[in-house]
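J.: Taken in order, these protein sequences are the chains called A and B. Residues in the first sequence are numbered consecutively from 1, following this note's numbering. Residues in the second sequence are numbered consecutively from 1, following this note's numbering.
It cannot be assumed that every hint is accurate.
Unchecked claim - Take a look, some chain A residues computed to stay more than 12 Å from chain B by CB distance:
id, residue
1, T18
2, A33
3, F79
4, S87
5, P113
6, W147
7, A178
8, I183
9, L187
10, A192
11, I193
12, L209
13, F216
14, G240
15, S244
16, L278
Said to hold, decoys possible - 25 Å max Cα-Cα, derived DSS-like pairs, lysine-lysine:
id, chain 1, residue 1, chain 2, residue 2
17, B, K130, B, K107
18, B, K101, A, K185
19, B, K101, B, K130
20, B, K130, A, K185
21, A, K101, A, K185
22, B, K130, B, K105
The hints are simulated quantities; they were obtained by calculation from the structure and are not laboratory data. Keep in mind it's a predicted model, so treat the numbers as computed, not measured. Every residue, glycine too, gets a C-beta built ideally from N, C-alpha and C.
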Amino acid sequence: MEKRVTFDNRLLPYLLLTPQLLVTIVFFFWPAAQALYQSLLLPDPFGLGARFVWFSNFEYLFGDSYYLQSFITTAVFSFFVTLASMSFALLFAVLADQVIKGEGAYKTLLIWPYAVAPAVAGVMWLFMFQPSIGVLAFYMKKAGIHWDPLLNGTHAMTLVVAAAAWKQISYNFLFFLAGLQAIPKSLIEAAAIDGAGRWHRFRTIIFPLLSPTTFFLLVVNIVYAFFETFGIIHTMTLGGPGQSTTILVYKVYADGFVGQDLGSSAAQSVILMVVVGLLTVIQFRYIERRVHY
Amino acid sequence: MATISLRDVRKNYGNTEVIHGVSLDVADGEFIVIVGPSGCGKSTLLRMVAGLERITGGTIEIGGRVVNELEPRERDIAMVFQNYALYPHMSVFDNMAYGLKIAGKSKAEIRERVDKAATMLQLEPYLARKPRALSGGQRQRVAMGRALVRDPSAFLFDEPLSNLDAKLRVQMRLEIKQMQQSVGTTSLYVTHDQVEAMTLADRLVVMNAGVAEQIDTPMEVYRKPATTFVAGFIGSPAMNMLRGAANGTGFALDGGGRIAVRADELAGHDRPLLLGVRPEHLVLAGDRDPEFELSVIAVETLGADTLAHGRLAGANGTGDAFVARLPGSARVSAGDRLPLVIEPGTAHVFDAESGQRL
Ligand SMILES: Nc1ncnc2c1ncn2[C@@H]1O[C@H](COP(=O)(O)OP(=O)(O)OP(=O)(O)O)[C@@H](O)[C@H]1O
Ligand SMILES: [Mg+2]
């Protein structure tokens, strides 16, 4: 029989759960409920009162081409951030896994970027690529690349993707490295004896065995790109030029706090919640099936 | 199929040498077992042949070709690992077909070869399963099948049976032997189990601390162990070793006392010696003159045999522990003094300092 700790006091278990529950209620359920309620209101222009308008905020949003464009921007942004941060992290992890001397130093260096705050990372990248004073922009100009993230939407997007991906590489790297080190060496040796070269071993043995890690990181990275990149966008481009880097989470902020359209902003955050929920469900449903545990 | 030859093979890890120059010639189709205690360098030696460890010194040839600088896949060998190293995300079929696919064999040929190996190893019902859904013995067979289908010039086994229970180990031991005989592929087999070593080997390599102490057929190793280490390692219970010196018509024990050994082997040696006597080569004197007496301390009854543990009578208490293996019918109990003789021609004499056979 399983041995369990039992409490005589009936109140104690609830008491122990209270802090966690309070945190969840105060910082998640309450704001979520607020957003839901707000999304059904239309405040008057002076912010003195609000009218209950049912779903007209949502109706308006889906007719708004800027909003629909923001969906596409978010999809492009998340796709490239996830792709770049995961593939570089995997590459670095595979390389670090083969390093014998100075392993600790490599790992430490690769993990550092994670300790940098998003806003700081954004400012740093902004400086490096600032067309008139940036170090790297200088060399790009020398190399004949016409670089202008302040006016060119694609350039701006490339820049925020790079900064956001760079920031996340460390995190992915750690997990990939742990995943690689959990693969028994004898499997790799068996494959080598069976005639598989490096790349073939990676493709047929290592990568499939890493798939639980990869799947987990995929979920984490998409959520990261959706939500946690706000600071990077805010410091680097303010969503511009035009709307070219206005991802959904940035638009929530821009419309709500800058544009003072609280109803629309609340409706957007509700939609965002639903989207992320759906994405996660889809990932678990369809991708997890192809994962070999 | 191929010959394998090792010439003064050495291995260093940093500044420590763990293999101190092993030389060995393996004939085509021969089954060589490398046996020795844990940490003596058996796996290291095998992995150097496989190409999984760099060779620090000496040369290794497979099929007349020096392979020192070749990748494992260029050596045309197959290896069975102690933990089987099956690919967990592939079915049994795919595990066995993996090497064939890489070699670019046609679908039909892969199918045929895998089916043949699966039949031989009774694996047909499990071809679609993942390794996780197999028992230890079945996994072991898949690992063997994976080596078998590739039809390599040599098989390398690293303690393939040590994760199985005792009964299965005996069964698989036989199967490995039969498989090897039917395909006739040159094999190197590493184990620390002397019964496995004796039963499987055409020839044995007995290793100790990075040195091949003796390379010979199991029977020769048993009959004429080259060193005290080999003498103690092969045979169960281990050979009795008596320290002393030849003295006229007998053997004076360092621990005190003297035994009247008739063994001719002692003649002509006047330095400190070790006299080795296998427990099974002792018989009750009966109506002959006893060479020495054993005062029995404990008795183990095994059914077919009875093991009498004790010390040589006459020794002044410090005498070496001594075991005699007597027929199961022998009536012995603790406290007895058994009059014993050594079967003629079965005593072993070693130099007490170098441990070499004389
Ligand atoms: N990477 C390494 N660095 C340093 N020493 C090592 C290394 N690998 C093995 N050794 C040493 O080499 C010696 C031989 O090891 P090996 O694995 O060949 O032993 P073994 O005979 O196979 O033992 P076992 O029966 O326990 O498997 C051991 O003393 C071990 O400590
Ligand atoms: Mg070993």
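J.: Run every hint past the structure and note whether it holds.
T.: Status of the hints after comparison with the structure:
Non-interface status of T18 of chain A relative to chain B is upheld: no Cβ of that chain comes within 12 Å, the nearest being about 42 Å off. The Cβ of A33 of chain A sits about 44 Å from the closest Cβ of chain B, beyond the 12 Å cut-off, so the non-interface label holds. With a closest Cβ-Cβ approach of about 27 Å to chain B, F79 of chain A is found to remain outside the 12 Å limit, as its non-interface label requires. Every CB of chain B is more than 12 Å from the CB of S87 of chain A (nearest about 21 Å), matching its label as outside the interface.
Look at P113 of chain A: its CB is around 32 Å from the nearest CB on chain B, clear of 12 Å, so calling it non-interface holds up. Against the 12 Å criterion, W147 of chain A stays outside the reach of chain B, whose nearest CB is about 45 Å from its own CB. In this structure A178 of chain A is separated from chain B by more than 12 Å, as the shortest Cβ-Cβ distance comes to about 18 Å. Look at I183 of chain A: its CB is around 10 Å from the nearest CB on chain B, not clear of 12 Å, so calling it non-interface is violated.
L187 of chain A, annotated as away from the interface, has a beta carbon of chain B within 12 Å; the closest lies near 5 Å. A Cβ of chain B approaches the Cβ of A192 of chain A within 12 Å, the least distance being about 5 Å, so the stated non-interface status is violated. Look at I193 of chain A: its CB is around 5 Å from the nearest CB on chain B, not clear of 12 Å, so calling it non-interface is violated. The beta carbon of L209 of chain A is not kept farther than 12 Å from every beta carbon of chain B, the shortest such distance being approximately 6 Å.
For F216 of chain A, the shortest C-beta to C-beta distance to chain B comes to about 17 Å, beyond the 12 Å cut-off, and the non-interface label holds. With a least CB separation of 46 Å from chain B, G240 of chain A remains clear of the 12 Å interface cut-off, as annotated. Under the 12 Å C-beta cut-off, the non-interface status given to S244 of chain A relative to chain B holds; the minimum distance is some 42 Å. With a minimum CB-CB distance of about 29 Å to chain B, L278 of chain A clears the 12 Å threshold, and the non-interface call stands.
Between K130 of chain B and K107 of chain B the alpha-carbon distance is near 20 Å, which keeps this suggested pair within the 25 Å criterion. Distance check on the hinted pair: K101 of chain B and K185 of chain A sit about 22 Å apart at the alpha-carbon level, within 25 Å; holds. Under the criterion of a C-alpha separation no larger than 25 Å, the hint pairing K101 of chain B with K130 of chain B is consistent with the structure, at around 18 Å. A hinted pair counts as satisfied when its Cα atoms are at most 25 Å apart, and K130 of chain B with K185 of chain A qualifies at roughly 20 Å.
Straight-line distance between C-alpha atoms of K101 of chain A and K185 of chain A comes to about 18 Å, which keeps the hinted pair within the 25 Å bound. Proposed proximity of K130 of chain B and K105 of chain B is supported: the alpha carbons are some 23 Å apart, at most 25 Å.
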